[in-house]
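Go by the hints and put chain R with the ligands onto chain H.
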Amino acid sequence: MRLRLPDLPAAEAQLFPEGRMAGPMPWVIAVMIFLTVLAAAMGMGVSRAATGVAADVAGRVTIQLIEANSVRRAKQAQAIERHLAEQAGVENFQRVSAAEVTALLEPWFGKAGLDQDLPVPMLIDVTLRPGAEKALPQLSEAVRALAPSARIEPHGQWLAPLSAAMRSLVWLAGLLVVLMAVASVAIIVLAARSALNTHRATLEVLHLLGASDPQIARLFQRRLGLDALFGAVIGLFAGSLAILLLGYRFAAMGSDLLGSFGIGLAGWLALLAVPVVTAIMAMLAARLTVLAALRHML
Amino acid sequence: MTHIIQFENVGLRYGNAPETLSDISFSLTRGGFYFLTGPSGAGKTSLLKLLYLAQRPSRGVVRLFGDDMVTMPRDRLPDYRRRIGVVFQDFRLISHLSAFENIALPLRVAGHKEAAIAQRVTELLAWVGLGARTDALPQTLSGGEQQRVAIARAVITQPDVLIADEPTGNVDPAMALRLLRLFEALNQLGTTVVVATHDAQLMSGVGHAHTLRLNEGRLA
Ligand SMILES: Nc1ncnc2c1ncn2[C@@H]1O[C@H](COP(=O)(O)OP(=O)(O)OP(=O)(O)O)[C@@H](O)[C@H]1O
Ligand SMILES: [Mg+2]
Numbered sequence: 001m002r003l004r005l006p007d008l009p010a011a012e013a014q015l016f017p018e019g020r021m022a023g024p025m026p027w028v029i030a031v032m033i034f035l036t037v038l039a040a041a042m043g044m045g046v047s048r049a050a051t052g053v054a055a056d057v058a059g060r061v062t063i064q065l066i067e068a069n070s071v072r073r074a075k076q077a078q079a080i081e082r083h084l085a086e087q088a089g090v091e092n093f094q095r096v097s098a099a100e101v102t103a104l105l106e107p108w109f110g111k112a113g114l115d116q117d118l119p120v121p122m123l124i125d126v127t128l129r130p131g132a133e134k135a136l137p138q139l140s141e142a143v144r145a146l147a148p149s150a151r152i153e154p155h156g157q158w159l160a161p162l163s164a165a166m167r168s169l170v171w172l173a174g175l176l177v178v179l180m181a182v183a184s185v186a187i188i189v190l191a192a193r194s195a196l197n198t199h200r201a202t203l204e205v206l207h208l209l210g211a212s213d214p215q216i217a218r219l220f221q222r223r224l225g226l227d228a229l230f231g232a233v234i235g236l237f238a239g240s241l242a243i244l245l246l247g248y249r250f251a252a253m254g255s256d257l258l259g260s261f262g263i264g265l266a267g268w269l270a271l272l273a274v275p276v277v278t279a280i281m282a283m284l285a286a287r288l289t290v291l292a293a294l295r296h297m298l
Numbered sequence: 001m002t003h004i005i006q007f008e009n010v011g012l013r014y015g016n017a018p019e020t021l022s023d024i025s026f027s028l029t030r031g032g033f034y035f036l037t038g039p040s041g042a043g044k045t046s047l048l049k050l051l052y053l054a055q056r057p058s059r060g061v062v063r064l065f066g067d068d069m070v071t072m073p074r075d076r077l078p079d080y081r082r083r084i085g086v087v088f089q090d091f092r093l094i095s096h097l098s099a100f101e102n103i104a105l106p107l108r109v110a111g112h113k114e115a116a117i118a119q120r121v122t123e124l125l126a127w128v129g130l131g132a133r134t135d136a137l138p139q140t141l142s143g144g145e146q147q148r149v150a151i152a153r154a155v156i157t158q159p160d161v162l163i164a165d166e167p168t169g170n171v172d173p174a175m176a177l178r179l180l181r182l183f184e185a186l187n188q189l190g191t192t193v194v195v196a197t198h199d200a201q202l203m204s205g206v207g208h209a210h211t212l213r214l215n216e217g218r219l220a
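These protein sequences, in sequence, are chains H and R.
Residues in the first sequence are numbered from 1 upward in steps of one, following the numbering used here.
Residues in the second sequence are numbered from 1 upward in steps of one, following the numbering used here.
Don't take every hint at face value.
What the hints assert, rightly or not - Restraint ranges, calculated between C-beta atoms of paired labels, are given here: (1) H/272 to R/74: 35 to 45 Å; (2) H/270 to R/58: 25 to 35 Å; (3) H/272 to R/58: 52 to 62 Å; (4) H/24 to R/126: 48 to 58 Å; (5) R/68 to H/24: 46 to 56 Å.
These are computed hints drawn from the structure, not numbers from a lab.
Backbone N, C-alpha and C fix where the C-beta goes; we use that ideal spot for every residue, glycine too.
Next comes chain R alone, as it looks inside the complex:
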């Protein structure tokens, strides 16, 4: 099984509006590095939502790890979600939890031991340059700092798939490159990476990356 993600003729419609995504078909290879790009409103976030199982398609087939997600019973989906790390476009940090606790959340959900959690979270906090802000609440962090917490939370479990929606929108080019190196390091360890971005400079930063281009809900 080399195709970790497969879409076949996928369509997505919100309510009665015209289709936001139409006839989307593609396959992602395990261990690949992918950029998803396209103008604002093209449907990048919508496509990623299908990937991280926040949304069912209106039609078509979505396959993750070889299994059909459309017909998968609801109560089995958490197991698939735990294999996917997500950096949300709007971060979605939990406002009453510290940076440390937010990053620890996926490990807690998966039932890891406290001692192991503390060590891994502390290491990663240092890596994203937030070693000094361990106990800070999200609202006391800058936009870029919040984004780094969101990224750390997505990669802390070393997921099989990393999905990042505009992960560098709020950081300076130097930090963007540093975060990209983090994704690459993870990718080297075997994680399939999908990054949605407008940032052409960022896309040129990864030599072996593939690019998917969305335009008005269709893949170019």
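Same shape as in the complex, but just chain H:
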């Protein structure tokens, strides 16, 4: 595979034959960066989704009344609503209409199964003011005093397992990114060594013709840095395309939970830094490898 890259300045242009130094290195880097970008995006996306979900459900509570007697149930509901209206910590509350509850239950009972005799639980959605979650135990007690059969369920409680799973995913993604970075560094170091072996004769001649160590190191540095940059940009491009496509798919699903999948501006900036960091790593590896080899010569 031959590469066309912006080449070295004229004076050093032909010291390394085009593409010969490169070999498969840029393409391996491209694959690594592609995978790294996907893992990083997964981590950032899931982390953002988890934060979003947590913020959405924070302070949201559903009160369930499963009193069988419908007259008593209505009375209790009114009492609870009066109580809620007096609480400073309650931002708003809303009774879920019977039709909505029926719709919720339909999958389990079918249209025909629901008749007037069957007690349908009454639901009240409550939104607490930010910071008022601490008052939840008192609220529960007060509600239970008004209606012994009432159950209070903070939404966060249902989501706890989901949150835990999401956190695990974020950690896993982080671990993948670290592993991939380590592997990329190893590849870059190997590429630097192989470049040195391929061009050892050139390096020796340049040395004997009076080229200084930094002069020779710069040649290798530029070549390897450009190769790595080239691979990393391709990997980033492919990875970004995959992320955008994935985000589009999730948006098309219209799910409340996953509809917001994205990595945000900070995420994109972090991904843009990946090729730059890769190129710098490659330059560093090339420099250190070449300088070490030159130190063995007089």
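This is chain R with the ligands only, laid out in the frame that chain H set:
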């Protein structure tokens, strides 16, 4: 300062082997023309390596341009190497560079301008009879042609010292004489020339030349 190169009691040992060079002491005068001769394996290439700073001596003093090369910090050696042109016994042409690019290399290393490089290299290529092979890669050149490229690369900077290790081993007597004239022309311009050779005919070709004779690592 008339002594451009001085060796004092220089010894060279490769690894644990017995000394390849022993008790070498001599001085070369600036602007002189020197032949280094001796049987194969006598240590000619080894002595030249000390001269062109590819090797440090195991003992003794090597002085170039009046400065002690043994104690000289490594990062200052490139400046000295740029004042020395070398024709290696095995040529050491860079295989992926054309004849032109190989000859231009010392000028590039020294940071000369492209326009000046092109003119000087083209002139010299014509001088060594390779005007038509400018863009040829070394492996497509004959042994003698490669040798001429190697010589051109050594003299392109008009160095203070020219060191040539068997520079005429692969060319016919007529071409050998022509190359010798090139060395003489350079010598006339002030370059100190050191040529290692077995070729007695070549040595008799330069009237004012001095001869150093090496035998089993010692100067005779
Ligand atoms: N790098 C090395 N490591 C170990 N021994 C070496 C090395 N270079 C040369 N020698 C040994 O040193 C001795 C002198 O070698 P050198 O190349 O200096 O001889 P020479 O006079 O140039 O011979 P020739 O006329 O064949 O070129 C030889 O015995 C050789 O084997
Ligand atoms: Mg020799």
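Status of each hint after checking the structure:
no. : hint                      : in the structure
1   : H/272 to R/74: 35 to 45 Å : holds (40 Å)
2   : H/270 to R/58: 25 to 35 Å : violated (56 Å)
3   : H/272 to R/58: 52 to 62 Å : holds (55 Å)
4   : H/24 to R/126: 48 to 58 Å : violated (43 Å)
5   : R/68 to H/24: 46 to 56 Å  : holds (48 Å)
When held up to the earlier numbered hints, the structure conflicts with 2 and 4 and fits the remainder.
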